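Colleague: The residues making up each chain are set out below.
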Amino acid sequence: TQLLEQSPQFLSIQEGENLTVYCNSSSVFSSLQWYRQEPGEGPVLLVTVVTGGEVKKLKRLTFQFGDARKDSSLHITAAQPGDTGLYLCAGAPRMNRDDKIIFGKGTRLHILP
Amino acid sequence: EAGVAQSPRYKIIEKRQSVAFWCNPISGHATLYWYQQILGQGPKLLIQFQNNGVVDDSQLPKDRFSAERLKGVDSTLKIQPAKLEDSAVYLCASSRVSGANVLTFGAGSRLTVL
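First to last, the protein sequences are chains A and B.
Straight run, no breaks: the first sequence in our numbering ends on number 107.
Straight run, no breaks: the second sequence in our numbering ends on number 660.
Derived by calculation from the structure, the hints in this document are not laboratory data.
Here the structure is a predicted model, which means the values were calculated and not measured.
Just so you know, not all the hints are guaranteed correct.
Unchecked claim - Below, simulated DSS-like cross-link-like pairs (lysine-lysine); rule was C-alpha separation at most 27 Å, straight line:
| no. | chain 1 | residue 1 | chain 2 | residue 2 |
| --- | --- | --- | --- | --- |
| 1 | B | LYS608 | B | LYS624 |
| 2 | A | LYS94 | B | LYS561 |
| 3 | B | LYS608 | A | LYS94 |
| 4 | A | LYS94 | B | LYS624 |
| 5 | B | LYS608 | B | LYS629 |
| 6 | B | LYS557 | B | LYS629 |
| 7 | B | LYS629 | A | LYS64 |
| 8 | A | LYS51 | A | LYS99 |
| 9 | A | LYS64 | A | LYS51 |
| 10 | B | LYS629 | B | LYS561 |
| 11 | B | LYS590 | A | LYS99 |
| 12 | B | LYS624 | B | LYS590 |
| 13 | B | LYS590 | B | LYS617 |
| 14 | B | LYS561 | B | LYS590 |
| 15 | B | LYS557 | A | LYS99 |
| 16 | A | LYS94 | B | LYS590 |
| 17 | A | LYS53 | A | LYS64 |
| 18 | B | LYS608 | A | LYS99 |
| 19 | A | LYS94 | A | LYS64 |
| 20 | A | LYS99 | B | LYS629 |
| 21 | A | LYS99 | A | LYS64 |
| 22 | A | LYS53 | A | LYS99 |
| 23 | B | LYS561 | B | LYS617 |
| 24 | B | LYS624 | B | LYS557 |
| 25 | A | LYS50 | A | LYS99 |
| 26 | B | LYS557 | B | LYS617 |
| 27 | B | LYS617 | A | LYS99 |
The task is simple: from the sequences and hints, build the whole structure.
Modeller: What follows is the structure in structure tokens.
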């Protein structure tokens, strides 16, 4: 069972366009994290969202945590080629007593110059 | 601070051979994780250590995979014998405490099994 569903799986857009990717679950999470992974590297943490409805901004990236803490979105404004990479959401479902962190399959983003 | 160190970066072996990966976490990080990332997928947790004890190894194929963290610092992950489906990137990560949900990853060890 894939607890974190990410969509779309792949996205290729032109530089300067806006985009939104999603991370959905039927489980409640105490927090969710977004990571970006570039080829040949490990994932790097971008942000953690903790409170339902929370919005965090990181330059042109806007992260939102759903009110029910079951989903999250990442919006990129005026995408640039440097945004290319695999975007992963992750978290520990509250039903996991062992705090096991699970990852979604990711959204592979390609920004065309 | 120094990051999570992993070696080797790349390894090519034939099926039924053995391989070992090494990880040195960030100094002071009590929790260490090994993840398997198959091409096109997100990381899947294989094993989680808290100091030198195992917290979770429910998804570790114990008939062929083993891992240890004897002194609560660095760790090794071994596969013996390897299968074709073990071809993946093996990522090591660490965090200050279990449940911190903020992981620092190494660059990974890419395994190709022929």
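Colleague: It remains to establish, for every hint, whether it holds in the given structure.
Modeller: Cross-check of the supplied hints:
1. B:LYS608 <-> B:LYS624: holds, 10 Å
2. A:LYS94 <-> B:LYS561: Measuring from Cα to Cα gives roughly 30 Å; hence the hint is violated.
3. B:LYS608 <-> A:LYS94: holds, 18 Å
4. A:LYS94 <-> B:LYS624: Since the Cα atoms of LYS94 (chain A) and LYS624 (chain B) sit roughly 21 Å apart, the hinted pair holds (cutoff 27 Å).
5. B:LYS608 <-> B:LYS629: holds, 13 Å
6. B:LYS557 <-> B:LYS629: holds, 14 Å
7. B:LYS629 <-> A:LYS64: violated, 36 Å
8. A:LYS51 <-> A:LYS99: Holds, at about 23 Å.
9. A:LYS64 <-> A:LYS51: holds, 19 Å
10. B:LYS629 <-> B:LYS561: holds, 5 Å
11. B:LYS590 <-> A:LYS99: holds, 9 Å
12. B:LYS624 <-> B:LYS590: holds, 16 Å
13. B:LYS590 <-> B:LYS617: Distance of about 25 Å is within 27 Å: holds.
14. B:LYS561 <-> B:LYS590: Cα-Cα ~22 Å, so holds.
15. B:LYS557 <-> A:LYS99: Satisfied, since the Cα-Cα distance of roughly 24 Å is no more than 27 Å.
16. A:LYS94 <-> B:LYS590: holds, 11 Å
17. A:LYS53 <-> A:LYS64: holds, 25 Å
18. B:LYS608 <-> A:LYS99: holds, 24 Å
19. A:LYS94 <-> A:LYS64: Holds, at about 16 Å.
20. A:LYS99 <-> B:LYS629: Measuring from Cα to Cα gives roughly 23 Å; hence the hint holds.
21. A:LYS99 <-> A:LYS64: With Cα atoms ~16 Å apart, LYS99 (chain A) and LYS64 (chain A) stay inside 27 Å; holds.
22. A:LYS53 <-> A:LYS99: holds, 25 Å
23. B:LYS561 <-> B:LYS617: violated, 31 Å
24. B:LYS624 <-> B:LYS557: holds, 13 Å
25. A:LYS50 <-> A:LYS99: holds, 22 Å
26. B:LYS557 <-> B:LYS617: Since the Cα atoms of LYS557 (chain B) and LYS617 (chain B) sit roughly 26 Å apart, the hinted pair holds (cutoff 27 Å).
27. B:LYS617 <-> A:LYS99: violated, 33 Å
In terms of the numbered hints stated before, the structure departs from hints 2, 7, 23, 27, listed from lowest to highest.
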